[in-house]
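There are 2 protein chains.
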Amino acid sequence: MITLMYQANIKVTLKKTVADPQGLTIKHALDSLGYKDIDSVRAGKFFIINLKSSDKAKAEQETKEMCEKLLVNPVIEEYSFEIKEIK
Amino acid sequence: MITLMYQANIKVTLKKTVADPQGLTIKHALDSLGYKDIDSVRAGKFFIINLKSSDKAKAEQETKEMCEKLLVNPVIEEYSFEIKEIK
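Chains as they are written, first to last, in our numbering: chain V, 229 to 315; chain R, 229 to 315.
Honestly, I wouldn't trust all of these hints.
Copies of the same chain look alike in the list, so a pair counts if it fits in one copy or across any two.
Computed cross-link-like contacts, DSBU-like style, restricted to lysine-lysine with a CA-CA straight-line distance of at most 30 Å [what the hints assert, rightly or not]:
id, residue 1, residue 2
1, K264, K292
2, K284, K297
3, K243, K315
4, K284, K315
5, K315, K264
6, K312, K264
7, K239, K292
8, K312, K239
9, K255, K286
10, K284, K239
11, K243, K286
12, K255, K244
13, K273, K297
14, K297, K243
15, K315, K297
16, K255, K280
17, K286, K297
18, K255, K284
19, K244, K264
20, K292, K244
21, K312, K255
22, K315, K244
23, K292, K280
24, K255, K315
If you're looking for bench data, these hints aren't it; they were derived computationally from the structure.
This is chain V alone, in the form it adopts within the complex (with noise of 0.2 Å):
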């Protein structure tokens, strides 16, 4: 069985109801430094994942478990992610 690389690039972020104090500092932080134009900020999580798969539908199921195991609370938070094969 051949064997491929895949890189999942996994974006994690707060649910749109849920209040992120970090992206409001950062949002401070900024206009502060004197860019007022800012509407929102919004702070999450960003995961680059290779792994191993015989295909590519393969490599996306087990990157959604993995998702929904370990990588995201889906309480509070939501996730997408996009895969492509490497070298």
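With the hints as your guide, set chain R onto chain V.
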């Protein structure tokens, strides 16, 4: 002057040469959960900034400045961003 609203999606990651203990911990946790095909995990930050600007080039310039002045530590981190117009 017409003011448009732009959204910047900013990814901040540790440089490849910098050790990432958080990523390693996540890799080990995934391993414990039975995901044995993981090659590497890198943890980073993700910011969504909505800003008003008169045009896209100006919004890009402003986002670049905000990254370099506040969001990114250029000694150990690197960043990339995408900007799109939103309603």
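Check your understanding: Is the C-alpha distance from K315 to K297 at most 30 Å within one copy, between copies, in both cases, or in neither?
Key -> Within one copy only: 27 Å inside, 34 Å across.
Review point. Given a CA cutoff of 30 Å, do K255 and K284 count as a within-copy pair, a between-copy pair, both, or neither?
Key: For K255 and K284, only the inter-copy Cα distance (20 Å) is at most 30 Å; the intra-copy one is 38 Å.
Point to revise | Identical-chain pair category, K284 with K297, by Cα at 30 Å | key: So K284 and K297 pass the 30 Å test inside one copy only (20 Å; across, 38 Å).
Exercise for review: Up to 30 Å between alpha-carbons, please classify K312 paired with K239: within, between, both or neither.
Suggested key: both (15 Å within a copy, 17 Å between copies)
Point to revise | 30 Å Cα threshold - placement of K315 relative to K243 | key: between (34 Å within a copy, 19 Å between copies)
Check your understanding: Is it within, between, both, or neither for K244 and K264, if the alpha carbons may be no more than 30 Å apart?
Key -> The answer is within: 22 Å in one copy meets 30 Å, while 34 Å across copies does not.
**Study point:** Alpha-carbon proximity context of K292 and K280, limit 30 Å
**Key:** within (15 Å within a copy, 34 Å between copies)
Practice item. First find the shortest C-alpha distance between K239 and K292 inside one copy, then the shortest across copies, and answer within, between, both or neither for a cut-off of 30 Å. Key: both (12 Å within a copy, 20 Å between copies)
Exercise for review: Give the relationship of K255 and K244 under a CA distance limit of 30 Å: within one copy only, between copies only, both, or neither.
Suggested key: Classified as both; 16 Å inside a copy, 28 Å across copies.
Check your understanding: Between K315 and K264, at a C-alpha cutoff of 30 Å, which is it: within one copy, between copies, both, or neither?
Key -> Answer is between: at 19 Å across copies they meet the 30 Å cutoff, but 44 Å inside does not.
Point to revise | Status of K297 relative to K286 across identical chains (alpha carbons, at most 30 Å) | key: within (16 Å within a copy, 41 Å between copies)
Review point. Under a CA distance limit of 30 Å, which applies to K315 and K244: within one copy, between copies, both, or neither?
Key: Answer is between: at 16 Å across copies they meet the 30 Å cutoff, but 36 Å inside does not.
Checked against the numbered hints listed earlier, the structure breaks none of them; every hint is satisfied.
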